[in-house]
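As you go down the protein sequences, you meet chains H, V, B and G in turn. First residue of the first sequence: 89, per our numbering; consecutive thereafter. First residue of the second sequence: 89, per our numbering; consecutive thereafter. First residue of the third sequence: 89, per our numbering; consecutive thereafter. First residue of the fourth sequence: 89, per our numbering; consecutive thereafter.
Simulated from the structure, these hints should not be mistaken for lab results. One or more hints might be untrue.
The list cannot tell twin chains apart, which means a pair is met if one copy fits it or any two copies do.
To be verified - Using 20 Å as the maximum straight-line C-alpha spacing, the simulated EDC-like pairs for lysine to aspartate or glutamate come out as follows:
| id | residue 1 | residue 2 |
| --- | --- | --- |
| 1 | K298 | E142 |
| 2 | K159 | D243 |
| 3 | K186 | E90 |
| 4 | K115 | D125 |
| 5 | K116 | E93 |
| 6 | K296 | D219 |
If you're wondering where the values come from, they're calculated on a predicted model, not measured in any experiment.
Protein chains: 4
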Amino acid sequence: MEIHEGSYVLLFHTARKKWLMKVTSEKKMHTHLGVIDVSSLIGMKYGSPVRTSEGKIVYLIEPTTYDLIMKSERKTQIIYPKDLGFIAARTGLKNGSKVLEIGTGSASLTTFMASIVKPNGHIYTFDVNADFIAVAKRNLEKAQMIDYVTICEHDPHQGIDIRDVDVAIVDLGDPWTVVDQVYDTLKGSGAFVAICPTMNQLENTATKLKFSRYVDIDCVEMMIRNIEARQGMTRPSTRMIGHTTYLIFARKIMQPSNKEDYKEETAVIREFD
Amino acid sequence: MEIHEGSYVLLFHTARKKWLMKVTSEKKMHTHLGVIDVSSLIGMKYGSPVRTSEGKIVYLIEPTTYDLIMKSERKTQIIYPKDLGFIAARTGLKNGSKVLEIGTGSASLTTFMASIVKPNGHIYTFDVNADFIAVAKRNLEKAQMIDYVTICEHDPHQGIDIRDVDVAIVDLGDPWTVVDQVYDTLKGSGAFVAICPTMNQLENTATKLKFSRYVDIDCVEMMIRNIEARQGMTRPSTRMIGHTTYLIFARKIMQPSNKEDYKEETAVIREFD
Amino acid sequence: MEIHEGSYVLLFHTARKKWLMKVTSEKKMHTHLGVIDVSSLIGMKYGSPVRTSEGKIVYLIEPTTYDLIMKSERKTQIIYPKDLGFIAARTGLKNGSKVLEIGTGSASLTTFMASIVKPNGHIYTFDVNADFIAVAKRNLEKAQMIDYVTICEHDPHQGIDIRDVDVAIVDLGDPWTVVDQVYDTLKGSGAFVAICPTMNQLENTATKLKFSRYVDIDCVEMMIRNIEARQGMTRPSTRMIGHTTYLIFARKIMQPSNKEDYKEETAVIREFD
Amino acid sequence: MEIHEGSYVLLFHTARKKWLMKVTSEKKMHTHLGVIDVSSLIGMKYGSPVRTSEGKIVYLIEPTTYDLIMKSERKTQIIYPKDLGFIAARTGLKNGSKVLEIGTGSASLTTFMASIVKPNGHIYTFDVNADFIAVAKRNLEKAQMIDYVTICEHDPHQGIDIRDVDVAIVDLGDPWTVVDQVYDTLKGSGAFVAICPTMNQLENTATKLKFSRYVDIDCVEMMIRNIEARQGMTRPSTRMIGHTTYLIFARKIMQPSNKEDYKEETAVIREFD
């Protein structure tokens, strides 16, 4: 695919030296590695190399949702790909899904989910902070996802006027406070997800869910480690991420007539059923 | 949503006691917890409880792609949700993507990817084992994804007649042997992924990629741990999965004229750029 | 070294099939692999192979503290080697150390610590449960550590009459309830350790320590993973331990005159100072 | 215990701001936090606070082996406490043990082991690099362990004149090249340990051991994660160590008469026998 005026390009030198930019008729881009004549990129193919004024090579990479999220404008902590991916896989998020999101933040999750559910699915996202919403809008437009997202500046505690939601995801400081409001939005057996950075949030949310007509309550943490793979000298990287967040999943049910039938979830290694 | 004849239902008692079944006019289903009158499920809403003949409660859960994969017929090792999710997130797999898969196996990955790229995207998947292909077909039909997948019984080492692929994923015992063939199928800056259960496979594949016009070579392992979250008594589960596979990611580039410009990937914590 | 009457021997076939026994003139030992003529072991060297009646090979291994702990009689959850080792390394436990232990349990930790601090060091261990104490005594005698341990059947909440302790370690359900009593027993800058299986216990103990004249408060968890190392086919094991316990470390100080000087411990990666 | 002339003191402000020093009649010590009048420390108790010239509080901590190792002079990569501890726990290293060490390096492991095996045990350590040996000597003297260690400037490949060793530990780039020489030094069922930073070293060493009359071959990696424990806000630290080294353990046996009896070690979760 060719680069044209208005295209986004990830200028890639190494994993630590890369820049996301929009191609315009503006003549030059100044980087740590030298100057790049931006107008000359028009008509070039993604994957091509270009030389900076200092003779360094930079590759023209077509940005993926991953790149857009990692380089997005941030007012809040983003949700990282290692967690985004598992949220999609665990909930069965797919093309056509109708999604509710409480806590838009910087829209990293919104962007990712929109890229999957479009063109027939839709994300309804709620936040009360106008600044966050402004940043979220810009990120969604940059990622070309804005058409699949409706941003509502509304406090979800007051109730949420969405119904038949496939997946509801909550990213608030106190997720347990909207469990009941979210319940009403979900279709039967619809998926509930909450982002819980602390153990305390996880504990409170799990407890609320247990007494709120949900089953398959599943609390996890995802850890990712890089491996330096070289012939004869392969070993994991010296440093790694210790923690981003815990995730809690559950599914909405209609309560049985007799409360004692509610079965508490016992610990299982769910990946290896 | 209502259950009708031919619907799939996940009968959920607990995470360890659940069954995936197709609703037919067949009268009964026998489980460890008693007998369920299947025909009576027709017309019921997902999320509803039903009682077995022994009075146990089971919930009618609408199966997600996750459920279908975890309960799929298997002739080969499946790829688990913790890895599926990150593959999607890291490559920017999205609605409309054109995907090449080498090594169909039991189609767990194929199913997951199809659920995301449809209706306009497509998966071209290659395998040489007729038995695996037969199982894959059945799993894809059960998941209603077959329309978005073309299964080719063909040895990829002979060359692959697909072009402009957004994401290519290789699940073979020797992924490095198809790196060149896959290169030709990818669009410029398209994503390459390989499933490498052993360190040796990871090492060989990384080395091949380094000398084969790819950048952003990234080797990772994803670990997942369950947390038993109970008020006043929260702790991680005693056992966890130690390992499923390593994953290696890279992006196709067109080589610069001077080979010394090729920059080796240094180790980074990519999640926290 | 030679085996004699009364020696302990670990009969080792594989990591999963091994038995700890005491050599007596009793004629036979029956195992899954056949019968072993025990009296014939007398005079043999450790490391030698013997054949069972079914012709299987078993090795005569001289039991280490590790073996004795893993095969000990248990009334309570033992503390595992991955945690025992770090407790020793982090506190500087060494030959000659004077140690206080609250909560003797099955004496796995007591045994390990005694093996290090002897012959001049000593462990003073407290428990209120006579059954646990009986088991602990037997384990310590079997490990030949009993001379270096004084077991006190006494409630530590009433006060502890030991002074100038180098290392104090607490293994109770509510460790924060003895922090003050332990404070009095420690020498200046002596080490405090608590075993905290849940995050709640860790949180409560850390909070109590922060307001109780301790510094260098350090909460950790140790994870261990096995690697199956085979030429050309090396990979981590499929399953691993998810969690045994959290550990919390601190050092006793005498408070400065002005309370505001107390500095809260900020998060650090202590291993890589 | 009181501080006197020649004592070592760890001046502790926080985990990231601490200094190890020797108390002399030298008047002042300059730190980031102000000046400390060193001679005034003489006669003070460990655990006491002192004020710097800028009024900051620093605590006088009695250094443990841990502190001495973390603050030691380094010409080579040290072995970290998380690995030191498990080496001791897994091998049954204890008071009185006779230890062989190949590869003295900066003597972090030597120091730790000497602190445990003294006064009757001994470490025989081998290195061929005179610079490393010089640094090792200084570290051992500073830690007051030099009397329990014999440093041999000798190439172990030529053969090692030590016998009846309880624990032999190898820290070389190519540990498999001394497996046979180490075999001769070990007592029957004595413990072998190798430090293997890369998977390749681990693989080669494991393979060599499998064909060299050892059993209970066990390859592991230890991971440590810090938890930020605060009331109502507990969560793991954002960053953690990804990797230091793999460890491989084994025990010496005398070979059975029939080679087919040699049983390959199958994968087990050893901690939970």
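Structure-based check of each hint:
1. In this assembly of identical chains, the alpha carbons of K298 and E142 never lie at most 20 Å apart, being 61 Å within a copy and 24 Å across copies at closest.
2. For a Cα distance limit of 20 Å, the shortest separation of K159 from D243 qualifies neither inside one copy, at 28 Å, nor across copies, at 39 Å.
3. In this assembly of identical chains, K186 and E90 lie within 20 Å of each other by CA distance solely across copies; the values are 17 Å between and 33 Å within a copy.
4. In the homo-oligomer, the alpha carbons of K115 and D125 lie at most 20 Å apart inside one protomer (6 Å), although the nearest pairing across protomers, at 62 Å, exceeds that limit.
5. For a Cα distance limit of 20 Å, the shortest separation of K116 from E93 inside one copy, 14 Å, qualifies, whereas the shortest one across copies, 63 Å, does not.
6. Taking the shortest Cα distances, K296 and D219 never come within 20 Å of each other, neither inside one copy (30 Å) nor across copies (39 Å).
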